[in-house]
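*Asks:* Read off the chains here:
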Amino acid sequence: MGLFKMPSLGADMEAGKLTEWMVKPGDRVKRGDIVAVVETQKGAIEIEVFQDGTVQSLLIEPGATVPVGTPMAEIAGAGEAATPTAAPPPAVPEPTTAPSPPVAPAPVVPAGAERRVSPAARALAGERGLDLTGIAGTGPEGAIVHADIEAALKGAAPTTPKQSAPKQPAPKPAAGFDFGAMRTAIAAAMARSKREIPHYYLEHSIDMTAALAWLGRTNESRPPADRLLAGAMLIKAVAIALKRFPEFNGFYEDGQFRPGESVHLGVAIAIRGGGLVAPAIHDTDTLSLDDVMAALRDLTARVRAGRFRGSELSDPTITVSSLGERGVEALYAVIYPPQVAIIGMGSIVERPSVVDGKVAPRAVVTATLSADHRVSDGHRGALLLRKIDDLLQEPEAL
Amino acid sequence: MSAAQSAPAAETTYREAVKQAIRDAMIRDPRVFLMGEDVGRYGGCYAVSKGLIEEFGPDRIRDTPLSESGFTGAGVGAALAGMRPIVELMTVNFSLLALDQILNNAATIRHMSGGQFGVPLVIRMATGAGRQLAAQHSHSLEGWYAHIPGIRVLAPATVEDARGMLWTALEDPDPVLIFENVMLYNMAGPLAADAGAVDIGKAAVRRQGKDVSLVTYGGSLWKTLDAAAALAKDGIEAEVIDLRSLRPLDDATIMASVGKTRRAVIVDEGWRTGSLAAEISARIMEQCFWSLDAPVGRVCSAEVPIPYPKHLEEASIPQTPQIVAAARATLGR
Amino acid sequence: MTAMEERPRLTREHVQELLRQMMRVRMFEDKCAELYTQEKIRGFLHLYDGEEAIATGIIPVLQPEDRIVATYREHGHALLRGIPMKAVMAEMYGKAEGCSGGRGGSMHLFDAATNFFGGNAIVGGGLPLAVGLGLADRMRNETHVTACFFGEGAVAEGEYHESMNLAALWGLPVLFVCENNRYAMGTALDRSESETDIHAKAAIYKIGSEAVDGMDVIAVEAAARRAIHTVRETGKPYFLECRTFRFRAHSMFDAQLYRTKEEIEDWRKRGPILRFQTWLLENKMIHEEDIAAIEATIHAEIDEAVAFAEAGRWEPIDTLTRHVYATQGTAP
Numbered sequence: 001m002g003l004f005k006m007p008s009l010g011a012d013m014e015a016g017k018l019t020e021w022m023v024k025p026g027d028r029v030k031r032g033d034i035v036a037v038v039e040t041q042k043g044a045i046e047i048e049v050f051q052d053g054t055v056q057s058l059l060i061e062p063g064a065t066v067p068v069g070t071p072m073a074e075i076a077g078a079g080e081a082a083t084p085t086a087a088p089p090p091a092v093p094e095p096t097t098a099p100s101p102p103v104a105p106a107p108v109v110p111a112g113a114e115r116r117v118s119p120a121a122r123a124l125a126g127e128r129g130l131d132l133t134g135i136a137g138t139g140p141e142g143a144i145v146h147a148d149i150e151a152a153l154k155g156a157a158p159t160t161p162k163q164s165a166p167k168q169p170a171p172k173p174a175a176g177f178d179f180g181a182m183r184t185a186i187a188a189a190m191a192r193s194k195r196e197i198p199h200y201y202l203e204h205s206i207d208m209t210a211a212l213a214w215l216g217r218t219n220e221s222r223p224p225a226d227r228l229l230a231g232a233m234l235i236k237a238v239a240i241a242l243k244r245f246p247e248f249n250g251f252y253e254d255g256q257f258r259p260g261e262s263v264h265l266g267v268a269i270a271i272r273g274g275g276l277v278a279p280a281i282h283d284t285d286t287l288s289l290d291d292v293m294a295a296l297r298d299l300t301a302r303v304r305a306g307r308f309r310g311s312e313l314s315d316p317t318i319t320v321s322s323l324g325e326r327g328v329e330a331l332y333a334v335i336y337p338p339q340v341a342i343i344g345m346g347s348i349v350e351r352p353s354v355v356d357g358k359v360a361p362r363a364v365v366t367a368t369l370s371a372d373h374r375v376s377d378g379h380r381g382a383l384l385l386r387k388i389d390d391l392l393q394e395p396e397a398l
Numbered sequence: 001m002s003a004a005q006s007a008p009a010a011e012t013t014y015r016e017a018v019k020q021a022i023r024d025a026m027i028r029d030p031r032v033f034l035m036g037e038d039v040g041r042y043g044g045c046y047a048v049s050k051g052l053i054e055e056f057g058p059d060r061i062r063d064t065p066l067s068e069s070g071f072t073g074a075g076v077g078a079a080l081a082g083m084r085p086i087v088e089l090m091t092v093n094f095s096l097l098a099l100d101q102i103l104n105n106a107a108t109i110r111h112m113s114g115g116q117f118g119v120p121l122v123i124r125m126a127t128g129a130g131r132q133l134a135a136q137h138s139h140s141l142e143g144w145y146a147h148i149p150g151i152r153v154l155a156p157a158t159v160e161d162a163r164g165m166l167w168t169a170l171e172d173p174d175p176v177l178i179f180e181n182v183m184l185y186n187m188a189g190p191l192a193a194d195a196g197a198v199d200i201g202k203a204a205v206r207r208q209g210k211d212v213s214l215v216t217y218g219g220s221l222w223k224t225l226d227a228a229a230a231l232a233k234d235g236i237e238a239e240v241i242d243l244r245s246l247r248p249l250d251d252a253t254i255m256a257s258v259g260k261t262r263r264a265v266i267v268d269e270g271w272r273t274g275s276l277a278a279e280i281s282a283r284i285m286e287q288c289f290w291s292l293d294a295p296v297g298r299v300c301s302a303e304v305p306i307p308y309p310k311h312l313e314e315a316s317i318p319q320t321p322q323i324v325a326a327a328r329a330t331l332g333r
Numbered sequence: 001m002t003a004m005e006e007r008p009r010l011t012r013e014h015v016q017e018l019l020r021q022m023m024r025v026r027m028f029e030d031k032c033a034e035l036y037t038q039e040k041i042r043g044f045l046h047l048y049d050g051e052e053a054i055a056t057g058i059i060p061v062l063q064p065e066d067r068i069v070a071t072y073r074e075h076g077h078a079l080l081r082g083i084p085m086k087a088v089m090a091e092m093y094g095k096a097e098g099c100s101g102g103r104g105g106s107m108h109l110f111d112a113a114t115n116f117f118g119g120n121a122i123v124g125g126g127l128p129l130a131v132g133l134g135l136a137d138r139m140r141n142e143t144h145v146t147a148c149f150f151g152e153g154a155v156a157e158g159e160y161h162e163s164m165n166l167a168a169l170w171g172l173p174v175l176f177v178c179e180n181n182r183y184a185m186g187t188a189l190d191r192s193e194s195e196t197d198i199h200a201k202a203a204i205y206k207i208g209s210e211a212v213d214g215m216d217v218i219a220v221e222a223a224a225r226r227a228i229h230t231v232r233e234t235g236k237p238y239f240l241e242c243r244t245f246r247f248r249a250h251s252m253f254d255a256q257l258y259r260t261k262e263e264i265e266d267w268r269k270r271g272p273i274l275r276f277q278t279w280l281l282e283n284k285m286i287h288e289e290d291i292a293a294i295e296a297t298i299h300a301e302i303d304e305a306v307a308f309a310e311a312g313r314w315e316p317i318d319t320l321t322r323h324v325y326a327t328q329g330t331a332p
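Protein chains in written order, with the numbering used here: chain A, 1 to 398; chain B, 1 to 333; chain C, 1 to 332.
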């Protein structure tokens with residue numbers, strides 16, 4: 001039985017994709033007949049069979065990509081049953097003698113050969129006033145190198161193991177966290193973000209007086225466990241605003257932006273011990289404020305316990321990072337790729353503002369937008385921030 | 001310093017020495033002929049072949065059309081068929097048109113044919129800057145050619161070598177490129193009446209010294225010797241090495257010198273980046289590392305196409321003061 | 001019949017020999033295609049299928065002291081010139097027993113014994129070599145002919161023009177043979193030349209020329225005899241355009257996006273072997289059994305050549321830097 005194999009068609013061909021069989025089992029073929037079409041980087045090439053016979057079976061399906069030399073079909077030689085074609089057995093190349101490395105020309109050493117000392121060693125010895133006599137050389141062909149001078153200066157045998165610096169006590173990880181891996185992952189993501197995403201930044205002060213007043217009234221009549229936090233209001237306002245501005249809600253991948261079908265707002269949550277995750281609250285815009293608050297509580301608790309789901313990390317269509325009460329006034333965040341925006345909320349602080357022509361203290365939060373300039377621009381970003389602002393002026397509608 | 005000469009020396013020029021070399025070869029061997037642009041009736045672009053067509057006829061002093069690739073390839077073919085052609089490419093600047101024939105044929109046929117065929121061809125070219133001929137007429141590409149396995153590359157810098165290298169090159173069974181620096185043609189010097197063929201494999205120590213090795217070739221040799229004279233006034237004795245052969249390089253002579261002086265400066269009219277000087281520096285590092293007291297210095301052409309005005313052209317190529325400064329730097333003086 | 005005669009003599013013996021040579025080249029090339037798909041032959045492989053009549057019609061007319069310069073599509077030329085098939089196959093494999101010591105491969109077949117100067121892979125690069133070979137003959141007053149084969153793609157290269165001018169100017173005994181197969185790799189002639197009548201271009205250089213049907217081995221031989229005779233007698237160059245077609249792709253790795261299957265099929269029907277064989281059978285100058293016998297003999301020769309190549313030896317690595325310079329130990 002002869003095997004028809006994927007042919008090599010070119011010096012740089014490693015594999016071929018079978019697009020079509022031109023024969024089927026039972027067909028008679030002769031040398032030179034085209035039996036298949038193979039897709040290569042140069043285009044489709046018809047491949048021929050080099051023996052006469054009958055096709056017995058096709059071993060590869062169209063669509064498969066196989067390396068050169070892979071059997072593709074069995075062909076029974078004309079008039080015979082199972083003898084393979086008389087191709088000479090592949091010659092095993094004689095094992096060549098291991099090539100002797102080229103002999104480097106012998107370095108010229110002046111007559112009365114002196115010690116070989118590397119420039120680095122000389123420099124160090126000179127610096128420290130060390131006499132070279134009696135120093136053992138561990139470099140090429142017995143040359144004295146830098147390490148030999150160091151060892152001589154230490155006065156100890158070069159084999160004394162160095163005292164390793166005491167390790168810093170590892171932070172007690174929260175259950176289930178590998179901080180090292182997390183930090184590495186964060187590093188990679190942040191580096192990629194700054195490398196690939198052209199960030200632009202907008203900042204807007206939002207007067208929270210109305211929102212906080214409403215919050216105070218609402219919470220008055222609730223048990224502590226049911227009370228709302230300002231953060232939930234900020235989150236909800238952002239989520240609603242995003243429905244109007246889809247270019248901030250979605251993913252930039254493979255050179256194009258795909259708007260998210262829903263708003264899954266990622267909330268940045270810091271982990272004790274040094275770490276940061278931003279899992280999603282799904283369909284944030286559809287949730288009531290109470291539900292947003294509940295989700296926030298739930299996520300925070302689970303994150304701190306190390307029990308969140310992978311999909312919660314990969315689903316956010318945008319992230320909000322809030323510093324809370326003990327943060328600073330403004331936060332310029334870095335977009336988590338493949339998202340295209342991140343909103344930073346500073347701490348809510350009391351600041352002088354001008355209201356009706358008079359200076360008055362007001363509660364103010366600085367909202368920042370970091371956005372991907374490939375997808376959106378400042379005009380729209382500004383409108384988004386203003387929309388968030390507007391929504392927070394009517395807290396009862398959130 | 002020329003070797004002791006047996007017959008009385010007469011004053012001649014580099015140009016005249018090259019002409020006599022060609023003449024001598026043509027007389028000795030009927031297979032030798034000269035082929036190139038304006039070598040015949042015009043007498044040679046640099047007047048090297050003046051008078052030769054009258055002596056040897058238009059067949060053997062053969063004017064060609066402006067077809068560098070065509071006639072260089074023809075030189076390869078004629079050599080393959082047993083002639084001994086001297087192809088004159090007017091300058092290295094125009095040789096680029098013949099690069100395919102030089103690299104893909106002349107340098108490679110012996111190898112591709114598994115040793116069956118050889119190409120005993122000599123190609124002469126003028127090279128170098130200094131006559132305000134501007135960017136397209138001032139290259140020094142001999143370092144590029146020295147990169148190619150399969151050919152030999154020579155740079156005669158003295159009247160003796162101009163006279164003597166050609167015959168040895170013609171006897172070589174492989175292609176030989178001879179680079180004649182344009183600034184040397186008018187150079188005068190003594191030459192023994194019976195001066196003849198010289199070897200083409202060894203570098204020459206033109207000046208002995210103990211403090212620093214100045215390694216150079218071709219047109220830069222004389223600036224380097226001037227630099228050595230200036231250094232001597234300050235008590236610095238420089239050894240000057242004339243490479244003579246750029247491929248193969250005479251490592252033995254170079255390393256013996258640097259092993260002795262512990263310092264080296266290479267003077268090369270090619271552009272600094274990827275220059276022949278870089279190759280020599282690498283070899284010194286490989287073979288003389290342990291003897292060095294200072295990094296190997298290089299004085300090369302600046303990274304600019306050679307400009308037209310005199311002061312800029314001078315600033316572009318190696319000059320004696322730079323060589324002096326580079327030598328001093330290796331001594332920390 | 002001597003090679004010196006000006007007209008082909010259509011004896012039974014001669015025509016059968018022409019057919020045999022064309023079949024030998026075709027079957028060898030097809031074997032090479034097969035071996036390439038099995039990775040026995042690597043790199044580039046350029047096959048002569050369809051063009052056999054040209055080498056077959058011209059090369060046997062040359063004398064042993066004449067010279068041949070060819071391109072990378074030169075297996076047929078090498079075989080016709082008498083380089084043993086075993087040596088050619090071993091060279092394709094890269095074995096030390098190859099005609100170039102295994103160093104050259106498919107594109108660089110050389111043979112000093114038969115004055116075969118390659119195997120040149122730079123399009124147009126062989127023409128100045130041919131000029132030089134002819135120049136040596138001119139300077140030594142010898143009556144050899146240098147036959148230089150190239151494709152129509154070379155006519156665009158500067159080196160073609162320089163070579164034609166030099167050959168005419170200096171009166172050199174070079175036979176320029178343009179194998180016009182209408183496609184320079186993937187570029188059709190009418191997309192690359194303002195004047196597509198190739199042989200007409202020779203007139204600009206005052207070189208005598210003619211065009212011949214490259215699919216008709218008798219026509220090619222007749223033209224070759226006249227041309228070679230002219231070159232040898234006058235010492236002047238001559239230009240022969242042979243119009244042909246290559247049935248296979250430019251090289252193995254070519255999807256042939258630049259020409260249609262219909263065009264290829266059409267030419268195959270007019271192919272040199274098919275045509276000549278049909279004519280011979282119709283005129284009773286050969287019988288089916290003869291053809292079968294020829295095929296069998298060629299198969300045996302090819303099998304032997306493949307076995308020879310398979311059994312050949314790989315040159316050891318420690319002689320890598322041989323054949324760079326003539327003299328030993330000339331390290332750079």
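Source of the hints: derived by calculation from the structure; they are not laboratory data.
Any given hint might turn out to be false.
Per label pair, the in silico range of CB-to-CB distance [stated by the list, open to error]:
#1 Gln38/C with Gly180/A: 47 to 53 Å
#2 Ala10/B with Arg313/C: 30 to 36 Å
#3 Arg192/A with Pro295/B: 55 to 61 Å
#4 Lys261/C with Gly63/A: 22 to 28 Å
#5 Arg122/A with Asp318/C: 36 to 42 Å
#6 Gly63/A with Thr278/C: 38 to 44 Å
#7 Leu103/B with Ser194/C: 29 to 35 Å
#8 Arg192/A with Ala188/C: 44 to 50 Å
#9 Met285/B with Asp303/C: 35 to 41 Å
#10 Ala326/C with Ala10/B: 55 to 61 Å
#11 Arg313/C with Gly63/A: 57 to 63 Å
#12 Leu312/B with Arg191/C: 42 to 48 Å
Okay, derived cross-link-like pairs now, DSS-like style, lysine-lysine, Cα gap no bigger than 25 Å in a straight line [to be verified]:
#13 Lys42/A with Lys261/C
#14 Lys261/C with Lys24/A
#15 Lys17/A with Lys5/A
#16 Lys17/A with Lys243/A
#17 Lys236/C with Lys201/C
#18 Lys236/C with Lys17/A
#19 Lys269/C with Lys30/A
The model shown is predicted, which means the values in this text are computed figures rather than measured ones.
Note that beta-carbon positions come from the ideal geometry of N, C-alpha and C, so glycine has one too.
*Asks:* If a hint holds in the structure, say so; if it doesn't, say that too.
*Replies:* Hint by hint, here is what the structure shows:
no., hint, in the structure
1, Gln38/C with Gly180/A: 47 to 53 Å, "51 Å, holds"
2, Ala10/B with Arg313/C: 30 to 36 Å, "60 Å, violated"
3, Arg192/A with Pro295/B: 55 to 61 Å, "40 Å, violated"
4, Lys261/C with Gly63/A: 22 to 28 Å, "23 Å, holds"
5, Arg122/A with Asp318/C: 36 to 42 Å, "39 Å, holds"
6, Gly63/A with Thr278/C: 38 to 44 Å, "43 Å, holds"
7, Leu103/B with Ser194/C: 29 to 35 Å, "30 Å, holds"
8, Arg192/A with Ala188/C: 44 to 50 Å, "48 Å, holds"
9, Met285/B with Asp303/C: 35 to 41 Å, "56 Å, violated"
10, Ala326/C with Ala10/B: 55 to 61 Å, "36 Å, violated"
11, Arg313/C with Gly63/A: 57 to 63 Å, "43 Å, violated"
12, Leu312/B with Arg191/C: 42 to 48 Å, "46 Å, holds"
13, Lys42/A with Lys261/C, "17 Å, holds"
14, Lys261/C with Lys24/A, "22 Å, holds"
15, Lys17/A with Lys5/A, "13 Å, holds"
16, Lys17/A with Lys243/A, "45 Å, violated"
17, Lys236/C with Lys201/C, "17 Å, holds"
18, Lys236/C with Lys17/A, "54 Å, violated"
19, Lys269/C with Lys30/A, "18 Å, holds"
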